Structures are given as C-alpha cells and as structure tokens.
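Participant: For the sequence shown, position 37 (counting from the first letter as 1) is numbered 64 according to this note's numbering, and the numbering increases by one without interruption.
Hints are supplied without guarantee of correctness; some may be wrong.
Computed beta-carbon distance windows for the label pairs [as the list claims (entries may be wrong)]:
| hint | residue 1 | residue 2 | range |
| --- | --- | --- | --- |
| 1 | W220 | C80 | 38 to 48 Å |
| 2 | A83 | D162 | 51 to 61 Å |
| 3 | L38 | S221 | 16 to 26 Å |
| 4 | F136 | S224 | 22 to 32 Å |
| 5 | R82 | D116 | 48 to 58 Å |
| 6 | G179 | Q217 | 29 to 39 Å |
| 7 | P85 | L174 | 49 to 59 Å |
| 8 | Q59 | R82 | 39 to 49 Å |
| 9 | T185 | A83 | 43 to 53 Å |
| 10 | A41 | P85 | 26 to 36 Å |
Because the hints were derived from the structure by calculation, they are not lab data. Computed from a prediction, not measured in an experiment: that's the story for all the values here. The C-beta atom is built at its ideal place from N, Cα and C for all residues, glycine as well.
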Amino acid sequence: MLTNGSDSEGLFRAGFMESGSTLPTGNISKTQGTYDFVVSEMGCSSSPDTSACLRAAPVESIKYAMDKTSNFSLISLSTYLVIQGRIADVPSITGNVEDEGTLFSLSTFNITTDTELKEYISSNYFRNTSNSHLDRLLELYPADPTLGSPYGTGHNCTFTLEYKRLASFHGDWLFQAPRRFFLEQRASKQSAWSYISKREQIPGLGAVSH
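Could you put the whole structure together from the sequences, leaning on the hints where they help?
Facilitator: Dropping the structure here:
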C-alpha cells in the first residue's frame, strides 16, 4: 500500500493487516548492504539482473539468506508516507491480538530490575531519552504483574519481575500504537476497520494466538 508511490497498479483491491501496521522503519537504502550480502551468498553478484537471479535460485540456496525489496520501492519512512497520504486508497482492515508483546519478550528474561529495564528501552528504542522520561515511562507501565501482558492472568506467567511489564510495552510500541496511528491518519479518508482478538490463548503462556 505504501510502495511504488502508493500506486498499486491493480495488484490488489484491499488490505488486511494482522498484528502489524505502519512500523517506523528507515529508508530502504539502509538495507542495501544486506541485499548485497544475500546476492553474494547466493552467487548472483556477477548476474546483470541480480533480482532475476535471486528469483530463479533453488530453495536450498536461500534457506540462510533473506531477500530485500528493491531500492526504488519504499522511498521513505512508512509513518511519513501515511501522514503525507502517499498510500493506496483501498479499503483496509488492521487489527491485533490483545497481548502482542508476550512472545517478543521471551528473550528478555535477563532483565530483572528497573535499572536493567530502563537500559534496555534506552538502548533499543529511545537512545536520546532522558532518565526522567524513562522514569515516567515506567510509571505508565507499573511493576504489578496483575496489570501486565498477557492481560487478565493475574500473577500467572510472571516469568521475571519485569517480564509482563516489558511485554505490555512491546505490545503497545510495536503493535497497538502503529495500528492506532494508521487509523487516526486514514480512517476519515478511506474505508478502514479494526479489531482486537482475545481468543485461543496459548497454554502456559497466556498469550492470544493467531
């Protein structure tokens, strides 16, 4: 919806975004090095058309590499493009499950204190944020497992003292906020619907599955 100058060229008539929306990614040129690496690893460096070479490569050759979109396709931050209205004018649905951040926080069991949590958030998301702002952020995500994600699970799934707190932050920052941002920018300009799913929790983890 955002690529090719928002011109879908009839490729699709609508959009359905589940557990994800307009993430604040950088310009595609920043991943040129990754694309060049994949091209090299798959033996396509000498090809006059590296994209064609990658598409023709056998499955065995791409198990350890990832293709990247061509440089011309996504010309700016996805959030900027949405603000500027440079998005395909098609009906869309964008939704999330209730507790998106749980699975994405399973690798953070080493974070067990407020200091470690602030360091993690500062180094991974808000590099230039003051300590007072980080303190305020932690106030908004209190160290009370009964309020954290997965929601409605009480003290269950409290793998560490910071886990459910960080899972709430991850869910909001990576999923809920982008979904709401997209709707705020586009719902008055094109047909758009949204949903939150709370069905089929994963046993032992409490998170809602797709």
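Participant: Check the structure against each numbered hint from earlier and tell me which ones fail, lowest number first.
Facilitator: 5 and 8
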